[in-house]
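Participant: Given next are the chains, with one letter for each unit.
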Amino acid sequence: MNINELREHLCSQYPDLCPLFSVEFGDGVLVIDADRLHEAATDLRDLGFDRLGMVTAVDTRDEFELVYRLQSRQMHAGIFVKARVPRDEPTIASVTDLWPAANWQEREVFDMFGIVFTGHPDLRRILLTDDWVGYPLRKDYQDERIIRRPDYI
Amino acid sequence: MTEETIVNIGPSHPSTHGVCRIVVTLDGEVVVKAEPIIGHLHRGIEKMAENRTYLQVVPLTDRLDYVGSMYANWAYCRAVERLAGIRVPERAEYIRVIVCELQRIASHMMGIGSTGADTGAFTAFMYAFAQRDHVVELFEALCGSRLTYNYVRPGGVSMDLPDGWVEQVRSFVAQHPAAMMELDTLLFGNVIARARLKGVGVLPADTAVAWGTSGPTARGSGVNWDLRRDDPYSVYPRFDFEVPLGENGDCYDRARIRLWECVESCKIIDQALDQLEPGPVKAEGLPRLLAPRPGDAYDHIESARGSLGVYLVSDGSPRPYRMKVRSPAFCNLSVLPLLAEGHTLSDLVVIIGSLDPVFGEVDR
Amino acid sequence: MAFVDDLGAALDKTPGGGIILTSLDAVMDWSRGKSLWMMPMGTACCAMELIAASFSRFDFDRHGSIPRPDPRHCDVMVVAGTITRKMAPAVKRLYDQMPDPKWVIAMGNCAVSGGIFYYDTYSVIRGVDEFLPVDVYIAGCPPRPESLQDAILRLREQVSTDSIAPGKSRALKSELPSSGSPRKGERDAAGGDVG
Chain A
1 MNINELREHL CSQYPDLCPL FSVEFGDGVL VIDADRLHEA ATDLRDLGFD
51 RLGMVTAVDT RDEFELVYRL QSRQMHAGIF VKARVPRDEP TIASVTDLWP
101 AANWQEREVF DMFGIVFTGH PDLRRILLTD DWVGYPLRKD YQDERIIRRP
151 DYI
Chain B
1 MTEETIVNIG PSHPSTHGVC RIVVTLDGEV VVKAEPIIGH LHRGIEKMAE
51 NRTYLQVVPL TDRLDYVGSM YANWAYCRAV ERLAGIRVPE RAEYIRVIVC
101 ELQRIASHMM GIGSTGADTG AFTAFMYAFA QRDHVVELFE ALCGSRLTYN
151 YVRPGGVSMD LPDGWVEQVR SFVAQHPAAM MELDTLLFGN VIARARLKGV
201 GVLPADTAVA WGTSGPTARG SGVNWDLRRD DPYSVYPRFD FEVPLGENGD
251 CYDRARIRLW ECVESCKIID QALDQLEPGP VKAEGLPRLL APRPGDAYDH
301 IESARGSLGV YLVSDGSPRP YRMKVRSPAF CNLSVLPLLA EGHTLSDLVV
351 IIGSLDPVFG EVDR
Chain C
1 MAFVDDLGAA LDKTPGGGII LTSLDAVMDW SRGKSLWMMP MGTACCAMEL
51 IAASFSRFDF DRHGSIPRPD PRHCDVMVVA GTITRKMAPA VKRLYDQMPD
101 PKWVIAMGNC AVSGGIFYYD TYSVIRGVDE FLPVDVYIAG CPPRPESLQD
151 AILRLREQVS TDSIAPGKSR ALKSELPSSG SPRKGERDAA GGDVG
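Protein chains in written order, with this note's numbering: chain A, 1 to 153; chain B, 1 to 364; chain C, 1 to 195.
Accuracy of the hints is not assured; some may be wrong.
Quick list of in silico lysine to aspartate or glutamate cross-link-like pairs, EDC-like style, CA-CA up to 20 Å [said to hold, decoys possible]:
#1 A/139 / B/315
#2 C/102 / C/157
#3 B/33 / A/122
#4 A/139 / C/120
#5 A/139 / B/50
#6 B/267 / B/277
#7 A/82 / A/65
#8 A/82 / B/315
#9 B/267 / B/242
No wet-lab data here; the hints were simulated from the structure.
Turn these sequences into a full structure, and let the hints guide you.
Facilitator: And the structure:
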């Protein structure tokens with residue numbers, strides 16, 4: 001299966017999402033509802049995306065965008081799966097049961113953004129100390145210890 | 001079954017290769033559970049990048065993987081180039097390949113050497129480090145710094161090769177494979193080192209894939225995946241090289257394929273030097289202040305530790321809206337609890353060394 | 001070294017004890033200065049240069065500076081690398097475990113002032129001197145091994161001013177005006193090793 005066949009397959013599988021599925025620079029992008037993320041991830045894993053490369057989040061100021069990057073060794077292809085969760089109660093299903101690689105990466109996203117992954121076996125802070133207040137990579141993170149860099153440009 | 005003991009190793013311990021704390025539950029001398037606690041070098045580089053211009057982020061990426069700074073430079077620059085649609089001149093691509101393969105040698109020398117130190121063969125560390133010092137000197141001639149190079153920039157490299165540098169690289173590459181053979185005999189031919197490394201910390205291939213490991217850690221288990229060949233970037237398709245693979249997935253295989261990778265790197269450098277043509281080393285007409293279109297871009301390269309990716313989000317302003325570094329060492333280290341289980345405490349040290357983590361990159 | 005401290009204090013008070021005291025000081029400082037064992041508190045990039053410094057090419061053993069991972073063996077802590085808020089308690093604890101007299105070298109910009117990680121970051125401590133008394137600062141990102149070598153030699157000068165009597169110090173040879181040196185306090189370029 002190459003990336004075009006994959007695209008056709010996904011379009012037939014997720015007809016409501018088809019317009020959102022674009023192929024940029026050879027990497028597919030699949031934008032999906034947060035509720036359907038685990039279902040789609042299971043599908044993609046069964047299609048041959050055996051590696052979870054990256055889990056991260058972007059704070060768009062209105063909501064959080066989760067970004068998953070999957071890789072397939074057979075297809076020599078990568079795909080992004082994006083899902084949006086609300087800022088006030090960010091919760092999404094964990095994919096640790098599909099790829100154990102998500103374990104530490106989801107902990108990191110929890111640490112930096114405060115997004116709760118339901119079904120994660122061990123959701124704790126990973127990089128910061130356990131008693132840290134706030135989530136640093138949120139755009140509205142306040143910390144009096146930060147000294148802002150003066151603008152030179 | 002004796003009473004379980006909990007031993008705390010680190011965060012400052014010579015065998016953890018950096019600032020990692022490991023809480024080990026022991027039954028006698030056998031590890032029941034090992035839990036790495038990371039983040040002691042978490043410097044918030046991803047947050048800092050949000051208040052720098054695209055060019056000002058390049059020095060920050062140097063400090064990520066400080067054993068192999070060129071890789072983070074390159075991965076970041078590729079993501080910026082993809083985001084801003086910059087075409088890199090051919091000579092610059094060749095120079096990037098040459099410096100990154102040299103960097104692979106320098107980085108692997110540290111990895112193999114510390115494996116030697118962990119198994120008690122400190123002489124091997126000295127031999128390996130002598131080779132590393134040669135590379136570091138070449139880099140110093142190239143860009144004036146021994147560790148943090150800031151050499152690969154968006155659109156090319158910061159400056160052309162200095163006079164006589166190509167000849168110096170050629171003479172280094174000519175002697176390197178022989179030095180590797182010597183190191184092979186010295187370290188992997190040693191009975192003690194073999195006894196300490198063989199059959200220790202076995203990582204099965206399917207586990208290696210599922211846990212997202214990459215680079216020598218995955219290839220030591222026989223996972224045939226190298227981005228240079230399987231997702232070719234830059235000018236790598238023009239070179240003829242092999243990807244060494246391990247069979248058993250133990251510490252011996254993980255450490256030893258690093259050695260063969262160095263020999264393959266020498267081949268790539270030789271071919272790249274042959275094909276190197278004069279020309280510009282930086283893209284023409286780049287604005288001083290890059291402000292790419294709104295959107296996101298991801299690019300990854302094969303670093304000495306595995307697939308190193310950079311994910312950039314732009315909102316159209318001259319600063320990245322979000323930068324995420326997909327760090328191979330972070331994923332590789334996450335298999336440590338699986339590998340350490342059932343081995344003795346002294347083997348835990350060897351297992352950490354064989355994963356070759358760099359904590360600047362693990363913690364970011 | 002309570003006994004030595006008591007002896008120093010006693011000699012200081014005794015009339016005529018100063019002669020013995022200065023001779024004792026000379027012996028103590030000479031032996032201390034020539035075997036400054038390092039506690040390599042390498043956390044980040046500078047640790048690579050610290051390793052390079054103690055290896056065959058730069059060979060620090062010839063200065064009597066042997067890296068020892070155990071703080072209880074060490075005289076000088078070389079803080080090489082960024083210290084984060086998570087790491088700082090461990091560094092402080094290791095420093096407290098070192099026996100007196102002890103010194104600290106801050107190697108690299110991160111340990112001096114936070115360096116490149118001064119602005120915009122929430123987790124880095126801006127200089128190790130926020131919680132440790134630093135004797136020698138080395139600038140550079142990272143500094144070359146030669147800079148560390150220079151720092152050790154300067155620290156040796158500083159050690160040679162110490163006295164075993166509490167609250168006293170010996171005059172430095174280089175601090176005294178001499179005909180050979182252009183300015184007071186400047187090191188004699190040809191003089192080389194002091195102490």
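Participant: Which hints from the list above does the structure break, by number from lowest to highest?
Facilitator: none
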